[in-house]
Amino acid sequence: MTIQEINTRELKTETEVQKSAFTVKMTGFAEMPMMAELDGFLKRLHQSAIDAQIPEVVIDIRPLEFMNSSCFKAFVSWINTLQEAPEASQYRVRFVSDEKKHWQNRSLGALACFAVDLIKVETSSMGS
Amino acid sequence: MTVPEDAYCELSFSPNISLISTVRRFVGDFYEKVLGDAEVTSRLVVATHELLENAVRYSVDGQSSIRIGVGRVEDHVHVVIDTRNKTKPENRDALMKLLDEMNASGNRCTFYQALMKRSATRTEGSGLGLGRIHAESEMDLTCELIDGVVRLRAEARFPSTKESVS
Chain A
1 MTIQEINTRE LKTETEVQKS AFTVKMTGFA EMPMMAELDG FLKRLHQSAI DAQIPEVVID
61 IRPLEFMNSS CFKAFVSWIN TLQEAPEASQ YRVRFVSDEK KHWQNRSLGA LACFAVDLIK
121 VETSSMGS
Chain B
1 MTVPEDAYCE LSFSPNISLI STVRRFVGDF YEKVLGDAEV TSRLVVATHE LLENAVRYSV
61 DGQSSIRIGV GRVEDHVHVV IDTRNKTKPE NRDALMKLLD EMNASGNRCT FYQALMKRSA
121 TRTEGSGLGL GRIHAESEMD LTCELIDGVV RLRAEARFPS TKESVS
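Protein chains in written order, with my numbering: chain A, 1 to 128; chain B, 1 to 166.
Just to be clear, a hint being listed does not mean it is correct.
[Said to hold, decoys possible] Taking lysine-lysine and the DSS-like style, the derived pairs with C-alpha atoms no more than 25 Å apart in a straight line are:
{"#": "1", "chain 1": "B", "residue 1": "K33", "chain 2": "A", "residue 2": "K100"}
{"#": "2", "chain 1": "B", "residue 1": "K97", "chain 2": "B", "residue 2": "K117"}
{"#": "3", "chain 1": "B", "residue 1": "K117", "chain 2": "A", "residue 2": "K43"}
{"#": "4", "chain 1": "B", "residue 1": "K97", "chain 2": "A", "residue 2": "K120"}
Because the hints were derived from the structure by calculation, they are not lab data.
Could you put the whole structure together from the sequences, leaning on the hints where they help?
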């Protein structure tokens, strides 16, 4: 299974598909012009995870330099869709953030509060 | 509240989405130099970016300005970010309504969570930018109309960690 990636100058995704999890690494800048791309990608990711009955999706945003509210909203919509999916098809989402990028920790903290049962946030440095 | 400023930065620009990230990087360097605190700088960079996007999105005449002032008050720094632009009456009214609701809410996080829920199914705009400034950057937002120009102001006090601001 492959998921169509985002591959623009501003934002890139690399997705590793395994039976235990989909792991997505996001690199670059998630700003206003990238909103539609990101929204489309998260919809494809969600559908693929549901189809493959994946237990966990990992989003590593450590290399992401900035995310604006429009792109953050794409994550909110994705998580909201996941919350509304039948419980049997729900998967867990684990975000990995860079401890030195303070905005990541604050934004992901808010997102984790939005779906306490579904989201975990792990903080680590870029090198680990 | 009026606080004496030790440093300020003011820019006028013609709204252009690609300029926002350039201005964000510039003011990020300004905050870092003046405040010397990566955590506070990060909060202010997010707030500045969201205010700039707001100005670009809703300006009706292609003009916006931003002014950032930093002043030391005892062991705190007081930061004010001010944007000005002309906008349509309906956008101005929506802004006033959101700020009234935000400022009447007792808890920044609870209000942000409600905004997130509301935004999840929105198709136009995120509706989250100002909520992000209020909750994630922990800044207070006010708005006033002066001669048809909307002046949106975000301000906060942060513990000072550096001698600079000079």
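Status of each hint after checking the structure:
1. B:K33 - A:K100: Roughly 18 Å between the alpha carbons, so the hint for B:K33 and A:K100 holds.
2. B:K97 - B:K117: holds, 18 Å
3. B:K117 - A:K43: The given pair, whose Cα atoms are some 18 Å apart, holds under the 25 Å limit.
4. B:K97 - A:K120: It is violated: about 34 Å lies between the C-alpha atoms, which goes past 25 Å.
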